[in-house]
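Colleague: Take a look at the letters that make up each chain.
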Amino acid sequence: MEELFFIRFEVMPSLLEGLLVSIKLIIPSAFFGLVIGIIVGALRVYGNTFLKKVADGYVLIFRGFPLVVQLFIWYFGFPHIGIYFSPFVASVIAFSMCSGAYHSEYIRGAFLSVKTGQTMGAKALGFSKLKMIRFITLPQAFRRALPGCGNEIIYLIKYSSLAYMITCIELTGQGKIIASDTFKFTEIFMIIGAIYLFLTTIATWILHRVENRLRLPGFESYRT
Amino acid sequence: MAKTKTILKIEDMTKRYGSKTVLKNASLSLNEGELKILIGPSGGGKSTLLQCINFLVKPNSGRVWLDGKEIIHSRKKELYAYRQRVGMIFQDFNLFDHLTVLENVQIALVKVKKRGKEESRTRAVTELERVGLADHITKYPAQLSGGQKQRVSIARALAMDPEVMLLDEPTSALDPELISEVLDVIRDLRLNGMTMIMSTHQIGFASELADELVFLENGSILETGPPKKMFSNADCERTREFCSKITELYGNSF
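Going down the list, the sequences are from chains A and B.
Each residue of the first sequence is one higher than the one before, starting from 1 at the first, in this note's numbering.
Each residue of the second sequence is one higher than the one before, starting from 1001 at the first, in this note's numbering.
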């Protein structure tokens, strides 16, 4: 009984506060990550040699550096050259950039899977490259990339827990504070795990809804 | 001959892939309202020639004039404007898979020609009616037969008001039964005076409607002439051989 009161009145309020911060981190990071991923993915397929190299370099670095290291660089590194980010902003930048690198790989693969006939058809009608990507290949590629991109978003939900490493106290950060104060590590982290599970379940459900909405005759075989 | 105005002129078109030359110094000119049909064995350069004409394949050398004006394909704006004036029909249709029949025909009008939505829609419906597909406008390409797809692609090209149409084996990917529905549409175009270059193995159709046949082999234009002459007494030995073989196979409409 005592335990329940403790959880209800001491643990939950601060965890919910943390959850709110987590959500505030996840939503913009997922959005910007996807936007970056689409732009970089398109550059890697349709860009000229220079832009391709730049985009490849970006992916190499942001997929190659551990995310914690990236967070430290944004938060602790940039002040050395006079650029200051709040913990929250530094986290969103780091998550978006990292997420974008992974998204770009799914998007790139999806662009490559669009049949060359589609681009020929568009070019023959006088489409410029940019319009062709925007109106013809991206809508097709996006549908095919969605399962992979969804995977990345689910992953983002969980690695958002690293933000507390640079003092952006979100769900995991709050949990760690309470757990250290009370030594109830098992209970508190079980609750936190369950909350993340809840978040990923909702995200999965939303992504399925989106996939269904975007499903068209001729594109249905990409999901069973 | 009342019409002698040259619409499209191609000079010395050459395309190489590595050391292999797939198109050698091809020259061609097309008068208003004329239908030229490219014949010849597969791999002879028919598709490459057609794709070089609207620069879907960049030729190594060669010049193109449309309506007396030379097209410089490295100038992007000019290239895009030129392609709007030259319709292209592909062997495997190349309809946009994520768009409905109506949207397929409409999209270039709206996004490329920047016409209004309503105006484009009306135009698209008109073109789809013309090819007999008014009942299918809400379907997706995956829900159509091959012949229907090809007719949509013709409607899509026509909606752009092209001055010339390039047709790259428009019936080769179709079931025998569906060929005639597409050929009927092309015949209508021909009778309405559309200027066209078409590659095909439909020899009956070619001899019935073409002003001139152009025989291509190994990337070179070997011979050009009116169908009757090409089939009965071509100058070139190889042309005679090809024409008699293909006539044997597909029948002759003479």
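Rather than coming from a laboratory, the hints here were simulated on the basis of the structure.
Be aware that a few hints might be false.
Pairs of lysine-lysine residues, derived as BS3-like cross-links and limited to a Cα-Cα distance of at most 27 Å, are as follows [what the hints assert, rightly or not]:
(1) Lys131(A) to Lys1024(B)
(2) Lys115(A) to Lys1009(B)
(3) Lys1009(B) to Lys1020(B)
(4) Lys1077(B) to Lys52(A)
(5) Lys24(A) to Lys176(A)
(6) Lys115(A) to Lys1245(B)
(7) Lys131(A) to Lys1058(B)
(8) Lys1228(B) to Lys115(A)
(9) Lys1024(B) to Lys1245(B)
(10) Lys131(A) to Lys1020(B)
Bear in mind the structure is a predicted one, so any value in this text is a computation, not a measurement.
Colleague: Next step is simple, just say for each hint if it's right about the structure.
Modeller: Hint check:
For the proposed pair Lys131(A) and Lys1024(B), the alpha carbon gap of about 33 Å is over 27 Å, so the pair is violated. Distance check on the hinted pair: Lys115(A) and Lys1009(B) sit about 31 Å apart at the alpha-carbon level, beyond 27 Å; violated. Our distance criterion of 27 Å between C-alpha atoms is met by Lys1009(B) and Lys1020(B), whose separation comes to about 25 Å. With a C-alpha separation of about 23 Å, the suggested pairing of Lys1077(B) with Lys52(A) holds against the 27 Å cut-off.
Between Lys24(A) and Lys176(A) the CA atoms are separated by roughly 19 Å; this keeps the pair inside 27 Å, and the hint holds. Note on Lys115(A) and Lys1245(B): the hinted pairing is violated, with a Cα-Cα distance of about 34 Å set against a maximum of 27 Å. About 20 Å separates the Cα atoms of Lys131(A) and Lys1058(B), which keeps this hinted pair within 27 Å; it holds. Of the pairs offered as hints, the one joining Lys1228(B) and Lys115(A) is violated, with about 40 Å between alpha carbons and a cut-off of 27 Å exceeded.
Using a Cα cut-off of 27 Å, the hinted pair Lys1024(B) and Lys1245(B) holds, with the two alpha carbons roughly 25 Å apart. Of the pairs offered as hints, the one joining Lys131(A) and Lys1020(B) is violated, with about 33 Å between alpha carbons and a cut-off of 27 Å exceeded.
The structure fails to meet hints 1, 2, 6, 8 and 10 from the earlier list, while all remaining hints are met.
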